[in-house]
Amino acid sequence: MNIAPHAPTIETRDLILRGYREGDFEAIAAFGASERARFVGGPQDRWDSWRAFMAGIGHWTLRGYGMWVVEHREAGHVAGRVGMIYNDGWHEPELGWHIYDGFEGQGFAYQACIAARAYSARHFGLDAVISYIDPENTRSVALAQRLGATFESESEVLGKPCHIYRHPHEVRP
Amino acid sequence: MTRTLDLPQLETERLILRAPGVADTAPMLGFLASERAEFYGGPMNAYDGWHKFSAYAGQWLLRGYGMFSVALKTTDQCIGMAGPFHPDHFHEPEMSWLLTDAEFEGKGYAAEACLAVLDHLFTSHGWSSVVSYIDRANTASRKLAERLGACHEARAEDVVPNCDSYRHFPAGGGA
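Read top to bottom, the protein sequences are chains A and B.
The opening position of the first sequence corresponds to residue 512 in the working numbering, with each subsequent residue numbered one higher.
The opening position of the second sequence corresponds to residue 9 in the working numbering, with each subsequent residue numbered one higher.
Simulated from the structure, these hints should not be mistaken for laboratory data.
Hints are not guaranteed to be accurate.
[As the list claims (entries may be wrong)] Listed next, with one range per pair, are the computed distances between beta-carbon atoms:
1) B:Val168 with A:Ala653: 38 to 46 Å
2) A:Phe662 with B:Asp84: 41 to 49 Å
3) A:Arg683 with B:Thr82: 43 to 51 Å
4) B:Pro16 with A:Gly636: 26 to 34 Å
5) A:Asp612 with B:Asp96: 19 to 27 Å
6) B:Gly116 with A:Phe662: 55 to 63 Å
7) A:Glu667 with B:Asp84: 32 to 40 Å
Just so it is clear, CB atoms sit at the ideal spot from N, CA and C, and this is done for glycine as well.
Please take these sequences and the hints and turn them into a complete structure.
Listed below in structure tokens is the structure:
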């Protein structure tokens with residue numbers, strides 16, 4: 512067997528969570544180059560953004576799940592990426608979110624995370640997952656709390672201190 | 009439903025060439041962390057290695073072609089990768105190859121894998137030629153390119169620093 516999985520499409524009221532397309536790169540590179548990427552390994556140059564873009568797809572190939580591209584249904588623009596990240600060296604799969612410039616503060620991240628989290632629990636068996644959050648990233652902490660996640664422990668990712676938040680069960684344990 | 013894509017698998021006398029899989033992570037991260045990765049952007053830490061390896065895997069879905077994992081038929085162990093690498097800033101896909109460990113060198117594995125991939129690109133994809141960018145300090149790769157029948161083409165500073173381009177053609181055709 513030589514079958515590569517890729518992201519299924521999920522629709523919410525305002526958003527479409529879908530797989531990656533070549534045309535998504537400019538939005539991903541713009542986010543990667545911006546200060547907004549400082550809590551997710553950036554800012555980074557175009558070359559590293561390309562690698563992140565390909566790795567976002569490759570995560571689906573290697574793990575069978577990953578981050579979706581979040582498209583704003585009406586605008587037709589890429590609003591960010593959300594989904595499950597289980598990089599080599601991670602303690603367990605985490606729910607992660609990148610929200611792009613212009614799409615913050617409108618509840619889109621919440622809407623996308625709820626959809627990705629529910630889908631991952633039902634279809635990938637990833638339930639009551641964690642999120643790694645830099646404590647200085649107050650907006651992410653607020654979103655985690657709004658999603659019902661609670662602080663669990665202090666930890667470290669890539670040699671940098673971070674907090675682990677634990678999401679509630681989607682499926683009855 | 010999760011969508012899937014059926015990727016090609018090639019077979020040679022001693023090797024299976026297949027899509028990169030999670031089982032190849034350890035040998036590939038070992039390679040990328042080692043001095044052997046000098047011409048592949050390394051040595052690099054496990055985080056960067058994971059991203060580079062998963063990016064190799066991901067290119068398949070975007071481009072429809074990519075680097076195969078090269079595994080020994082006898083053990084299914086991943087000993088390297090070979091295939092067209094095509095990041096954003098390359099004008100065309102580049103035939104690339106690597107062996108994860110020195111113990112696999114000198115046995116003709118890289119040539120065996122590359123010949124199978126090149127034949128696949130020329131016959132199944134219908135490509136008329138394919139380039140390789142080789143660092144002028146990478147003697148082993150240059151020798152392999154020559155052994156594969158590739159012709160030295162030009163300096164390729166504008167694509168990859170310190171590299172020359174070599175061009176592969178279908179057997180019996182082209183140059």
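| Hints the structure fails to honour | none
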